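**Q** Could you build all of it, start to finish, from the sequences and the hints given here?
So the sequences go chain by chain: A and B. One rule links them: number in the numbering used here = place in the first sequence (from 1) + 7. One rule links them: number in the numbering used here = place in the second sequence (from 1) + 10.
No lab work stands behind these hints: they were computed from the structure. Quantities reported herein were computed from a predicted structural model and do not represent experimental measurements. Treat the hints loosely; a few may be bogus.
Said to hold, decoys possible - Just a few of them, taken from the derived set where beta-carbon distance is under 7 Å, the chain B residues facing chain A:
hint: 1; residue: Glu117
hint: 2; residue: Asn128
hint: 3; residue: Gln130
hint: 4; residue: Gln137
hint: 5; residue: Gln182
hint: 6; residue: Gly183
hint: 7; residue: Lys184
To be verified - Lysine to aspartate or glutamate pairs mimicking EDC-like chemistry, simulated, CA-CA at most 20 Å apart:
hint: 8; chain 1: B; residue 1: Lys145; chain 2: A; residue 2: Glu175
hint: 9; chain 1: A; residue 1: Lys213; chain 2: B; residue 2: Glu121
hint: 10; chain 1: A; residue 1: Lys213; chain 2: B; residue 2: Asp46
hint: 11; chain 1: B; residue 1: Lys184; chain 2: A; residue 2: Glu68
hint: 12; chain 1: B; residue 1: Lys49; chain 2: B; residue 2: Glu39
hint: 13; chain 1: A; residue 1: Lys76; chain 2: B; residue 2: Glu121
Unchecked claim - If we take Cβ atoms under 10 Å as the criterion, some of the chain B residues that face chain A in the derived model are:
hint: 14; residue: Glu59
hint: 15; residue: Gln87
hint: 16; residue: Asn129
hint: 17; residue: Ile131
hint: 18; residue: Gln134
hint: 19; residue: Tyr138
Beta carbons are placed, not taken as given, at the ideal position from N, Cα and C, and that holds for glycine.
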Amino acid sequence: MISSIKISLVIIMLSLVITSCEESITVNDNPSSYCQSMIMKAELTPKEYVQSWSTLPTESEFVKQKKIKEFNYKLKYLPIEFLISNELRDSSPSEEMVDSLKKNYEGMEYYELTLSIDDFKDETIKYNVADMQEYQNRLSYLSFSMQKDINIIQKNAQTAPCKLYHYERTFGIAPHAKVLIGFSKEDLNPQTTERTVVLNDNLFNKGLIKFNWSGSTLLETPKLLL
Amino acid sequence: MNSRFLSIGITFSIVISLVAFAFSFSRNEVKVGHVDIKKVFDSFDMKKELEANLESNLLNKRKTLDSLSFHLQTLNQQYSSKTPSEAELNAYQILQQKFLYEKQMFEEYNEQTIANSNNQIIDQMTQYIKDFAAKEDFTYILGINEDGNILYGDKTLDVTDQAIQFINNSYQGKND
Numbered sequence: 008m009i010s011s012i013k014i015s016l017v018i019i020m021l022s023l024v025i026t027s028c029e030e031s032i033t034v035n036d037n038p039s040s041y042c043q044s045m046i047m048k049a050e051l052t053p054k055e056y057v058q059s060w061s062t063l064p065t066e067s068e069f070v071k072q073k074k075i076k077e078f079n080y081k082l083k084y085l086p087i088e089f090l091i092s093n094e095l096r097d098s099s100p101s102e103e104m105v106d107s108l109k110k111n112y113e114g115m116e117y118y119e120l121t122l123s124i125d126d127f128k129d130e131t132i133k134y135n136v137a138d139m140q141e142y143q144n145r146l147s148y149l150s151f152s153m154q155k156d157i158n159i160i161q162k163n164a165q166t167a168p169c170k171l172y173h174y175e176r177t178f179g180i181a182p183h184a185k186v187l188i189g190f191s192k193e194d195l196n197p198q199t200t201e202r203t204v205v206l207n208d209n210l211f212n213k214g215l216i217k218f219n220w221s222g223s224t225l226l227e228t229p230k231l232l233l
Numbered sequence: 011m012n013s014r015f016l017s018i019g020i021t022f023s024i025v026i027s028l029v030a031f032a033f034s035f036s037r038n039e040v041k042v043g044h045v046d047i048k049k050v051f052d053s054f055d056m057k058k059e060l061e062a063n064l065e066s067n068l069l070n071k072r073k074t075l076d077s078l079s080f081h082l083q084t085l086n087q088q089y090s091s092k093t094p095s096e097a098e099l100n101a102y103q104i105l106q107q108k109f110l111y112e113k114q115m116f117e118e119y120n121e122q123t124i125a126n127s128n129n130q131i132i133d134q135m136t137q138y139i140k141d142f143a144a145k146e147d148f149t150y151i152l153g154i155n156e157d158g159n160i161l162y163g164d165k166t167l168d169v170t171d172q173a174i175q176f177i178n179n180s181y182q183g184k185n186d
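**A** Have a look at this one:
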C-alpha cells in the first residue's frame with residue numbers, strides 16, 4: 008500500500024515538474040544583470056555610470072523601444088551625470104572639473120535615438136536602397152533634416168522642438184544609426200515630468216513614432232559619486 | 011490484496027499524470043479572437059491625428075486654388091458682357107492654364123498623401139495587433155468586415171475594444 012502511494016507521488020511530482028518546466032525556463036532567461044542592479048544604486052562613480060548607462064538593457068525604465076515591421080526604434084534618456092562621466096572616464100575628477108562640465112551640459116535634456124533593422128548588418132540607411140541617389144538623400148536627411156521631425160509633447164499639447172541634433176555616422180561599421188538629440192529646458196514645462204518624444208519618421212516612412220515617459224522616472228537617475 | 015492496492019495506486023497515478031499532461035497541453039491550445047477592422051481603423055489615434063493634419067494641410071493648399079478659381083469666374087462674368095481684347099484673352103488663357111495645373115498638382119498631392127498616410131497607419135496598426143496577439147497569447151486574430159471573408163463571429167470572441175485600447179497605448183508610446 009505504502010509503496011503504491013510512493014509510486015503515485017513520484018509520478019505526480021514528475022508530471023508537475025514537466026508542466027512547470029516551461030515557466031521556469033522563462034524566468035531563468037531574464038537578462039537583467041549587472042547594469043540593471045547598478046542603476047538601482049543611488050550614487051555611481053563616473054566609471055560605473057559610463058559602464059551601466061552604455062549597456063542599459065532594453066527593459067530599463069530609461070529606455071523606450073518600438074518595432075514597426077522590421078524597423079526598430081530605441082530612445083534612451085541620457086542624464087547629465089552620464090554625459091559628464093563619459094568625458095571624465097577613469098580619471099578621479101575634482102569638484103571643479105565636474106562643475107565646469109556640468110555648466111556645459113545643463114540647460115538641455117538629452118536622449119539617444121537608435122535606428123536598426125532586423126537581420127540587416129550593413130549601414131542602416133543602405134537598407135533596400137534603390138540607387139546611390141536614394142542613399143545620398145537618406146544620408147542628407149539623417150545628417151541635416153531629421154531634426155525638424157523630432158519634438159517633445161507635454162501636457163495640453165505643449166510642443167518643444169529639438170534644439171540639439173547630432174548624427175553619429177558609422178560608415179557601415181555598426182548595424183544601426185545613432186542620433187544624439189537635445190531639448191532646451193526653457194522650452195519644457197517645469198510643472199510636469201511627463202514627456203512624449205515624437206519622431207516623424209521620414210527615413211523609412213513609418214510615420215509618427217512616439218515614446219512616452221510618465222511619472223517621475225526621469226528624475227530618478229543615480230547621482231554622481233566623486 | 012497488496013497487488014490490488016498496487017494496481018489501484020498505479021491507475022490513480024496514471025490518471026493524475028494524464029490530467030497533468032492534459033492541463034499542460036491545454037495551455038498550448040488554439041486561442042482565437044476577432045476584431046471589427048473598420049472600428050479598429052477608425053478608432054486608431056494615429057489615423058485621427060493624420061486625418062486632422064491632412065485636412066488642415068489641404069485646406070491651405072485649397073485656398074490658392076479657390077483664389078484662382080474665383081479670379082477666373084470674375085473674368086468670365088466680365089467677358090460675358092464685353093468682348094475682351096487680345097491681350098486680355100491671352101492673360102485669361104494663361105490664368106486658366108495655371109488653374110488647371112494647380113488643380114492637377116493639388117489632386118496628385120491629395121492622392122499621394124492619403125495613400126502614404128494609409129500605408130503608415132496600416133503598418134503601425136498591423137504591428138500593434140501582432141503585439142497584442144503575442145501579449146494575450148492569441149493564435150489567431152480574425153478581422154471581421156462586411157466585405158471580408160469572415161462575416162460573423164461570436165460576441166464572446168470579440169476583442170475589438172481590448173485591441174483598440176492596446177494599439178492606441180502602443181501608438182502613444184505607453185505600452186513600453
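**Q** Evaluate each hint against the coordinates.
**A** Here is what the structure says about each hint:
1. Glu117: Not OK, violated: glutamate 117 of chain B not within 7 Å of chain A, min 21 Å.
2. Asn128: violated (10 Å)
3. Gln130: Given a least distance of 3 Å, the restraint on glutamine 130 of chain B holds.
4. Gln137: holds (5 Å)
5. Gln182: This hint holds: glutamine 182 of chain B lies near chain A, its Cβ roughly 6 Å from the closest one there, short of 7 Å.
6. Gly183: Check passed: Cβ of glycine 183 of chain B comes within 4 Å of chain A, closer than 7 Å.
7. Lys184: With Cβ-Cβ at 5 Å, under 7 Å, it holds.
8. B:Lys145 with A:Glu175: violated (35 Å)
9. A:Lys213 with B:Glu121: Distance ~18 Å between lysine 213 of chain A and glutamate 121 of chain B Cα, so the pair holds.
10. A:Lys213 with B:Asp46: violated (24 Å)
11. B:Lys184 with A:Glu68: Holds: lysine 184 of chain B and glutamate 68 of chain A sit about 12 Å apart, inside 20 Å.
12. B:Lys49 with B:Glu39: Roughly 28 Å separates the two Cα atoms, so the pair is violated.
13. A:Lys76 with B:Glu121: violated (24 Å)
14. Glu59: Given a least distance of 7 Å, the restraint on glutamate 59 of chain B holds.
15. Gln87: violated (44 Å)
16. Asn129: holds (7 Å)
17. Ile131: Holds: closest Cβ of chain A sits about 7 Å from isoleucine 131 of chain B, inside 10 Å.
18. Gln134: It holds, given that the least Cβ distance between glutamine 134 of chain B and chain A is near 6 Å, below 10 Å.
19. Tyr138: It holds, given that the least Cβ distance between tyrosine 138 of chain B and chain A is near 9 Å, below 10 Å.
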